[in-house]
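Asks: The residues making up each chain are set out below.
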Amino acid sequence: MNLAAFDRVLYVGLPYTAIFICVLISLQRYGWRIFTFSSLSSQFLENRTHFWALVPFHYGILTVLLGHLIGFSVPRAVLAWNGRPLRLYILEITALVFGLLTLIGMLALINRRLASDKVRAVTSVMDWIMFAVLLFQVGSGVYVAVFNPWGSTWYAAVAVPYLWSVFTLAPNTAIVTQLPLAAQLHIINAFILIGLFPFTRLVHILVVPNPYLWRRPQVVRWYGSR
Amino acid sequence: MNVRAQISMVFHLDKCIGCHTCSLACKNIWTDRPGTEYMWWNNVETKPGTGYPTLWEDQQRYRGGWDAEGKLKSTGKAWIVANIFHHPSMPTMDDYYEPWTYDYQELFNAPEGPDQPTARPISLVTGKHIDIEAGPNWDDDLGGSPVYAANDPNLAALTPEQRRQLFAIEQLVFFYLPRICNHCLNPACVAACPSAALYKRGEDGIVLLDQKRCRAWRACVPACPYKKTYYNWSTGKTEKCILCFPRIETGQAPACFHSCVGRIRYLGVLLYDADRIHEVATMPDEELIEAQRSLILDPFDPEVLAAARGNNVPESTIEAAQKSPVYQYVKVWKLALPPHLEFRTLPMLFYVPSMAPVMASRQGDTLDHLSQDLFHDIEQARVPIRYLANLLAAGSEARVRYALRKQKAVRWHRRSVTVGDVDAEVVRRMLREADCSPEEADAIYRLTALSTFDERFVIPPGHREMGVETQQDPLMHKQQAGFGFIAGPRRGL
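Protein sequence lines, in the order shown, are assigned to chains S and L. Okay, so the first sequence: first residue is 1 according to our numbering, each after it adds one. Okay, so the second sequence: first residue is 227 according to our numbering, each after it adds one.
Careful, some of the hints might be misleading.
Some chain L residues judged to face chain S by a derived CB distance under 10 angstroms, without partners named [what the hints assert, rightly or not]:
1) 257
2) 304
3) 310
4) 317
5) 416
6) 422
7) 428
8) 429
9) 442
10) 500
11) 502
12) 533
Just so you know, these hints were derived from the structure itself, not from any lab. What you are looking at is a predicted structure, and each value in this text was computed from that prediction instead of being measured. Every residue gets a Cβ at the ideal spot worked out from N, C-alpha and C, and that includes glycine.
Isolated chain S (complex conformation) (with noise of 0.2 angstroms):
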């Protein structure tokens, strides 16, 4: 197999196995074993270091996602606001501070779970196998944020316009296969982590209760409809 196949089916094949899988297997789940969502929470078993893991991965974290959303979605704007020295200045730190607020907690949620035998004991293999993934995933990416600046310039003028070739079926490697490992790793892991995803305690993501901010106090359930 020559590199430009293998690149294929790293940047084509993966990408696509990977969604197909998450998307499939997280209707099946939520369809026919919707028992199965569930935060899963440990606090309930050990609550001082539950604190200091557990709040700065969730911040950082949903961050530094909001922060790819954003680059994903409006490249151009990106690139835009990152014309000035100062400004990408700004977004630089900003992402690299989030992104070491998730090692940081990632690290103190897995040092938890070893340290507590109770919440050891609710960790499951797959848990490992996640815990595994995504600190690969958090740790490529405070490595290139730290290694390879001008990331967010990057992201949004390399790595997006792929990420757009592949959702709109049209995919072009020609670009994403120059950029340094360690980004490439980071994106060929991210779409590991997007099939092990359906597969994991991550689905809480997909059940986030937004509804709650707008719903009454109050919930009464009738028998049939009322």
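Dock chain L against the given chain S, drawing on the hints supplied.
Replies: Showing chain L alone in chain S's frame:
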């Protein structure tokens, strides 16, 4: 007027002997699965005591219930976004206990040696040997009372002298408080649930938790001031008392009611005005008891009946409401009082305050139950009225005094009828002062002491014919077993 029916409960504390039969009946039916070992949907506490989980009444610590503005103390809508990752007032297993079994095999398999083999305790969470440090009734019968009972939050309002007397050797006094979910009218757990998994059934007011919708955001656990929602650490879902709804729907009393040895439990329908819940729940503390009573409607009032029928309350439910023992105890006789109404969830489980240890006063070396000063001994009781008022009447001593006086008047009235050694004039005066007619006294006596199964548990038909089941294939679940969804409650990956 928005008339709804609520299956409500009265526990007659004077009759509770603290045998825990109710707890075991419940545990054997509902909570013997992995992750539920520590759950006691029904538990019996010794009062004064810290209860289960430890210090559940201390809302400085757990921030359960509602404030007077009608806001949740634990998680408001604004805070849920932040608290969803880490809930600041979430109790942990240490506040309950780590469930355990014993290493019984060791008794058979231990190699021969100089010592007797022992069955060491093993954690049901980790499977490792543990030292047992707490249990579901760690301070039962005042065991270790200087450590446990002395921390009872209800003691805070007592004077040091009153507290000293309560725990003085040879005057030690306690009573039992059996607790289940109160199936509140203004449930904090329901309002706190981000996923809307918790709900109140419209037809009978039972508060249930939809296991398919629960996502372990765990907001309900701190929100319930009675700590009657329990997090299943194994399945990652919360579970709570379901008032044995599969039994209720088939006309049977819930297991804890059915098995009660002392026959302390009563179950019946109350009609209430759902439109006034918010108004009542935000009243000042001292008006709460009367306000909750006013929420409960007279099931004989033609206006109420018309409104109930207009609201599709079935005729059979109205009949059950008219025969409800709970209505008699709570609204007519005013003997039964709600626990910690100041938490403002409007609990629908009421307690008749206990007389037995309350009434005994010390005369020299003997305990005297019959003081000639009529109600004098209620004031002198070994359990201060203040304590009962904190527990059962949102701090109102007058309500507790009223309930105790009436109970005492009933006793004297019955004594004059059956034994005849009490001056009739004294009994008449007593009944008058206790706001009780001889007929009412007889009725109280009958329902308290002589009532049959069917008088204690007036369960309306389930009306499943109104349910969604009618639109389903009746053979859909043929050869399957269990309630709710049919797949096993297996933990997600």
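Asks: Close enough to count: is the Cβ of residue 257 of chain L nearer than 10 angstroms to one in chain S?
Replies: Because about 15 angstroms separates residue 257 of chain L from the closest Cβ in chain S, which is outside the 10 angstroms limit, the hint is violated.
Asks: When the nearest CB of chain S is found for residue 428 of chain L, is that gap smaller than 10 angstroms?
Replies: holds (4 angstroms)
Asks: Would the hint on residue 502 of chain L stand, with a C-beta cut-off of 10 angstroms toward chain S?
Replies: Violated: closest Cβ of chain S sits about 13 angstroms from residue 502 of chain L, beyond 10 angstroms.
Asks: Was the hint right that residue 304 of chain L lines chain S, CB cutoff 10 angstroms?
Replies: Where the cut-off is 10 angstroms and the nearest Cβ of chain S is about 9 angstroms from residue 304 of chain L, the hint holds.
Asks: Would the stated hint for residue 429 of chain L survive a check requiring a Cβ distance to chain S of less than 10 angstroms?
Replies: Because about 6 angstroms separates residue 429 of chain L from the closest Cβ in chain S, which is inside the 10 angstroms limit, the hint holds.
Asks: Return the status of the interface hint for residue 442 of chain L: holds when the least beta-carbon distance to chain S is below 10 angstroms, violated otherwise.
Replies: Holds, because the Cβ-Cβ distance from residue 442 of chain L to chain S comes to roughly 4 angstroms (cut-off 10 angstroms).
Asks: Holds or violated: is there a CB of chain S closer than 10 angstroms to the CB of residue 533 of chain L?
Replies: Constraint on residue 533 of chain L not satisfied, violated at 16 angstroms.
Asks: Are residue 416 of chain L and chain S close enough, Cβ to Cβ, to be under 10 angstroms, as the hint says?
Replies: holds (5 angstroms)
Asks: Does the interface hint hold: is residue 317 of chain L within less than 10 angstroms of chain S, judged Cβ to Cβ?
Replies: holds (8 angstroms)
Asks: Interface hint check: residue 310 of chain L, Cβ to nearest Cβ on chain S, cutoff 10 angstroms. Holds or violated?
Replies: holds (8 angstroms)
Asks: Should the hint that residue 422 of chain L touches chain S count as held when the rule is a Cβ pair under 10 angstroms?
Replies: holds (5 angstroms)
Asks: Return the status of the interface hint for residue 500 of chain L: holds when the least beta-carbon distance to chain S is below 10 angstroms, violated otherwise.
Replies: holds (8 angstroms)
Of the hints listed earlier, those the structure fails to meet are numbers 1, 11, 12, in rising order.
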